[in-house]
Amino acid sequence: MDFFDDIIIDIKQLTFSRGGRYIYKDVDIRIPRGKVTAIMGPSGTGKTTLLRLIGGQLKPDSGSILLDGDDIPRLGRSELFDVREKMGMLFQSGALFTDMTVFENVAFPIRVHTKLPEDMVRDVVLMKLQAVGLRGAAQLMPSELSGGMSRRVALARAIALAPALVMYDEPFTGQDPIAMGVLVNLIQKLNQALGHTSIIVSHDIKETLSIADYVYIIADSGVIAQGTPDQLQQVDSEQVRQFMLGLPDGPVPFHFPAADIATELMEGC
Amino acid sequence: MQPVLDSIALLGRSGLDKVAAIGRSGMILAHAIVARPDPVQSFPLLIRQLYSVGVQSMIIIIVSGLFIGMVLALQGYTLLVDYGTEQAVGQMVALSLVRELAPVVAALLFAGRAGSALTAEIGLMKTTEQLSSMEMIGVDPLRRIIAPRFWAGFISLPILTMIFSAVGIWGGMLVGVEWLGIYEGSFWANMQNSVDFFDDVVNGLIKAQVFGLVVTWVAVFQGYDSIPTSEGISQATTKTVVYSSLAILGLDFIMTALMFGDF
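Protein chains in written order, with the working numbering: chain A, 1 to 269; chain B, 1 to 263.
Since the hints were derived computationally from the structure, they do not count as laboratory data.
Don't take every hint at face value.
The calculated lysine-lysine pairs, modelled on DSBU-like cross-linking and capped at a C-alpha distance of 35 Å, are [claimed, not checked]:
hint, chain 1, residue 1, chain 2, residue 2
1, A, Lys115, A, Lys189
2, A, Lys12, A, Lys206
3, B, Lys239, A, Lys59
4, A, Lys25, B, Lys18
5, A, Lys59, A, Lys12
6, A, Lys86, A, Lys35
7, A, Lys115, A, Lys86
8, A, Lys206, A, Lys35
9, A, Lys35, B, Lys239
When you get a sec, could you build the whole thing from the sequences and use the hints?
Printed below as a string of structure tokens:
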């Protein structure tokens, strides 16, 4: 079966610029339903921006972003908030509400969007926390959690309402190897168990490729390569190879553009 | 020629930025005011904000009101005793407080204490992506975060102003009657005869209400519109105190002219 028989997000001719610089120019991206899709690329290429465009927090200059037929940039404010109930997002920092306990954080979307009785809210929250291994931390405040624990709580909150789409913004950044392994495992297992679609934005190649079904590599305001992890290993592009192998120099130069060093040093004499 | 053109372009850009900021602040105010209240979820949020914005500002308001009332009585006495009219100290203290000092000083203190705290709190929520995550959960932060804080400030300041006036008058009585020996009957009687409920007390409260609106509006807007960095929050907090203070003093002049000016 083709990946793209059933797609949940269809991005067409997306153009987005900031400060006179194109972040995306006429980009087409399709996200298959129920799969783990990775958006990868060097820092500063607009990977997180793409998630914010899908979430409707940024508006593109032109193009469409269809989520199950709803064109996100053209939705009104209240329609957008309704559509966001289908999404969950794990922020890079966790973005837990600092004035609430872990339990309250996970219960927040359930209380806001459902009219479940309080004992059922409790059960759902405890199950979500159990899924991420933090049921025992339910009464802790976010300030008492480690970085990895914060992200797991944020993950429990992101999946609290069983959304159709979960977006992960740099989930592995700054994690120790154990926390990273836990997160990789969780993302994969939750995707399989809950059947939602996952989009992972990351530049941690090994971990991301180990769980991704399909990968887009973003650079130079567009998609420079796409395919399954196996297909990407075969891509004959210097730019893709530099990124995949983590080479310090190549099409993406080590040095920020500058005048010749000899000339600049001599200027001081 | 180019530097001149650059300067003009910079001026134009700065003007456009200011107009855009005014537009954004208007949108925030409109959302905070017209946000459909959900009594079950909104009321507890409002109560919590009334506590942190209003109740926690009471100490500074009470202490300041007490000392200002005491100083007014002391200054008034030293001035009036030369003319043998020290009995009018009560009248002077009360009129100064309810008309001018209580609304203005309470608002300035409120801007420094609660306004800056609101800006820093909202700015930090923005920096740590809490506002973004709330949006992605499908909850409008303008309704959930901004609206209860705005209404709490709007409600709190007139009440704090009344407390400021009451404590100030009591402080004036302590100095005038208990310390300097003014006859207590004259102190209160002069005050009662000269202070008009509508002309003085109500007008003072109208001022406090306007200041409450302006200070809280500035505070929540600066926090919501802050640049999400530590420097950005620092700038936003400073702007809240500076803009609020200037707005209070400027509006006070305009309202005083309208309310008490006999043109």
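Honestly, which of those hints from before does the structure not fit? 9
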